[in-house]
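**Student:** Each chain is listed here by its residues.
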Amino acid sequence: MEPGIYLSGPMHEAPLGLLVAAYLFFTSVSEGLVLLTAFGLWFHDDKFSPHLPLGISIALVMGMIGALPLMIDLAQPLRFINLYKTFVITSPPSWGALILPVYMGFLSALGWLLLRRYIVQSKTQDPLLMLIAGLPFISKEVLPVKKVTELAKWSAIPASFAAMAMMTYTGMIIGVPFGSTLWPSLSLPLLYACSAVATGSVLYLWGIKQYSSRIKASGELVAPLVSKILIFALLGECVIMLLSILNVFAYPDRQVTLLHMIFTAHKVPFLAETFLGIVLPIVILYKVKEPTTGIYGFCASLVLAGSLVTRISLVSGLTFVSVTGREFMEFQIDSFELIVSMILATMIVMLSYLLLSKLYPNNSSIDSSTHIQM
Amino acid sequence: MSNSSVKRYAMVIDLRRCVACNACTVSCKLENAVPKAKYRSWVVEREVGAYPAVDNFKLPRLCNHCAKPPCDKACPTGATVVAEDGTVLVDSSVCIGCRYCMAACPYGARYINTKVGSADKCTFCYHRVQNGLQPACVSTCVGHARFFGDLNQPDSTVAKLVKQYPVQTLDPELGTNPHVFYIVPEGTDLKTIWGPREGRE
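So the protein sequences, as listed, match chains A and B. Each residue of the first sequence is one higher than the one before, starting from 1 at the first, in this note's numbering. Each residue of the second sequence is one higher than the one before, starting from 1 at the first, in this note's numbering.
If you are wondering where the hints come from, they were derived from the structure by calculation, not from laboratory data. Certain hints may be false.
[To be verified] Cβ-to-Cβ under 10 Å is the rule here; a few derived chain B residues that face chain A: (1) Cys-101; (2) Ile-112; (3) Ser-118.
The beta carbon of each residue, even a glycine, is placed where N, CA and C say it ideally should be.
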């Protein structure tokens with residue numbers, strides 16, 4: 001191929017941008033937390049149990065935060081219902097429209113069960129928490145802690161499968177632009193699985209570090225376990241990076257070589273992913289003889305930063321600014337305003353309910369035993 | 001190619017005749033009310049080689065109306081449809097503007113039409129063709145570089161040109177089977193004019 005330059009010719013805006021990258025990042029953190037929660041619940045419930053409600057709550061919040069940018073990114077957000085009117089088997093968003101609500105459903109069920117267990121075990125009398133735990137409607141006698149734990153364990157299985165389906169679907173989404181380098185790779189779902197577990201580990205480690213004074217013994221017990229998972233996830237990231245590099249050689253027609261990745265526009269994400277997200281954490285973990293929770297947390301943060309860059313680079317090739325010189329398009333701003341208005345409206349309804357609960361406390365803090373008698 | 005009653009519209013662009021006057025770009029924008037900074041049809045100018053052996057190429061671009069359109073497969077709502085005559089169209093009333101079709105299109109032919117809030121692209125001037133007219137870009141082409149017609153009719157100009165010349169398409173290795181054919185200067189590879197994918201990204 002002879003060297004050449006483009007003298008003129010307009011280009012359209014990049015199709016997938018920062019909002020999709022944000023969606024991928026938040027949902028993968030959520031998926032990682034779900035997988036770790038399921039792992040902790042099944043194999044180390046005694047050590048993990050104080051952290052599980054926090055982990056699953058963050059997973060739920062991250063899942064919800066992740067879905068928002070995706071909605072904002074639509075030019076016609078109110079037409080999202082069209083996704084359910086037609087199912088196109090070859091279209092990743094069609095699958096996503098099914099998988100995302102299923103995942104959020106299982107996640108909510110698991111979250112509710114773990115939160116209920118925690119609330120019952122901690123014997124809190126907070127009316128709001130009791131309401132969330134459903135104690136006024138389903139008493140402790142009807143659904144005891146042991147039963148809740150069993151239910152949580154079994155619901156963690158479909159939740160984990162849904163999380164893995166989310167990862168696969170995420171890989172499929174990125175695989176859509178099959179004409180672009182590196183993207184059409186079957187390794188992508190695997191990449192997201194590894195990254196999700198890594199990012200999930202990070203949040204667990206951060207949580208443990210944050211609450212180590214309160215639940216010190218438990219935190220110290222869990223940290224080595226999560227750290228082991230983190231190391232495995234790091235090794236997974238290494239394998240995936242290697243696959244990505246090999247993928248470059250698999251498509252000679254696309255005229256992108258490893259040198260392109262290191263010395264051209266690809267260099268920033270490539271170097272950040274490789275050195276910040278993989279090499280540096282491995283070196284630190286290797287060099288420090290007895291890593292503390294803080295060091296694990298730091299290494300995990302590097303992995304988190306690396307995975308964020310991975311998502312941005314995969315989605316937009318670090319094209320933060322569009323060709324037109326504007327970060328966000330007008331319809332995205334319109335969609336943002338519409339969705340924020342809807343969220344605010346929902347929040348007002350919820351706050352009104354809470355306010356009414358405070359004004360009429362007898363209605364909100366119904367004693368479960370009273371409820372049974374009724 | 002077969003003498004079939006089913007139409008298969010295609011376009012042939014003779015790059016030897018294109019002077020990059022952008023009359024096609026302007027006529028397309030006017031005909032289809034294309035929003036500002038968006039294009040259904042446009043011309044790329046690329047300089048290839050090193051001094052003193054430098055070539056300047058003009059490459060008119062538009063939707064390739066692929067026989068196997070990746071945009072159609074990626075569309076989650078069925079808003080992208082392939083008409084019986086092979087024209088790839090977008091139903092703007094169904095499109096949710098998710099832009100996966102844009103991501104899937106290897107030719108960068110799609111954009112979001114902010115006026116209607118949906119994905120948009122060249123339609124081969126479907127409304128004109130249905131009324132027996134040529135697409136606006138073809139009618140306006142100063143250098144008579146563009147030819148449009150039914151590929152399934154052996155006596156049509158496009159069918160004759162495709163038969164007569166070693167026409168090339170953009171990124172044939174992707175298997176999309178484009179229906180915009182280019183007649184390139186002798187001894188030139190369309191890949192050289194189209195440029196490496198790296199540059200396009």
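**Student:** Compare the structure with each hint and give your call.
**Tutor:** Okay, the hints, checked on the actual structure:
1. Cys-101: holds, 8 Å
2. Ile-112: holds, 5 Å
3. Ser-118: Holds: closest Cβ of chain A sits about 6 Å from B/Ser-118, inside 10 Å.
Of the numbered hints given earlier, the model fails none.
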